[in-house]
Amino acid sequence: MSGKWLAATLALAPMALTATPAAAQDAAATENTADADAATAPIREAFFARMKEGRTGEALEALFVKAGQSLIKPVALSDLERQFDNAITLYGPLRECHVYQQESAATLLASYRYLCQHDRMITRWHLTFIRLPNGWQGGYIKFDDKFSDVLGKN
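Residue numbers -24 to -1, 1 to 130, in mature numbering (1 follows the signal peptide of the UniProt record, and there is no 0), belong to the letters of the sequence shown in order.
None of these hints come from the bench; they were simulated from the model. Just so you know, even glycine gets a beta-carbon here, dropped at the ideal spot from N, CA and C. Treat each hint with caution, since some may be false.
Said to hold, decoys possible - Quick list of simulated restraints, FRET-style, between CB atoms:
1. His74 <-> Glu29: 24 to 30 Å
2. Leu127 <-> Val51: 32 to 38 Å
3. Asp121 <-> Ala82: 29 to 35 Å
Take the sequences, apply the hints, and build the full model.
Spelled out as structure tokens, the structure:
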């Protein structure tokens, strides 16, 4: 029995030696977030600038198209454009947007949640970016008018 115990102990020892201290993990997470912020800021700024100008199709292209290639099919982009245009018709144009939550996962994902003011409503926007070999680009977007959820109230 002691032979089996020794083998298990030796097998676990290398894992214990390579564990990253919590402080180092926190520092790496902060660095990853800063890198993602810097890399995605121009994309996010272009998206919201075009949305404020009412150029919805161009806004979606800024978010999802990189080097002429899109992760989303043209039909899906058209559907999103129609949904966004309907929201603008209903609530009025986007006036201003502010990040209220952001997070990243390793160096591959970055997520930003915004509150945006229209003439007649506040909306929530959730943008997630993915890092591919050719750089960062939009991977997911969602919007709704459930702004009270931000405060933890339904």
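These are the hints, each one checked on the structure:
Between His74 and Glu29 the CB atoms are about 18 Å apart, so this pair departs from the stated range of 24 to 30 Å. Taking the beta carbon of each, Leu127 and Val51 are about 36 Å apart, inside 32 to 38 Å as hinted. As the Cβ distance of Asp121 to Ala82 is approximately 32 Å, the hint placing it in 29 to 35 Å holds.
Of the hints listed earlier, the one the structure fails to meet is number 1.
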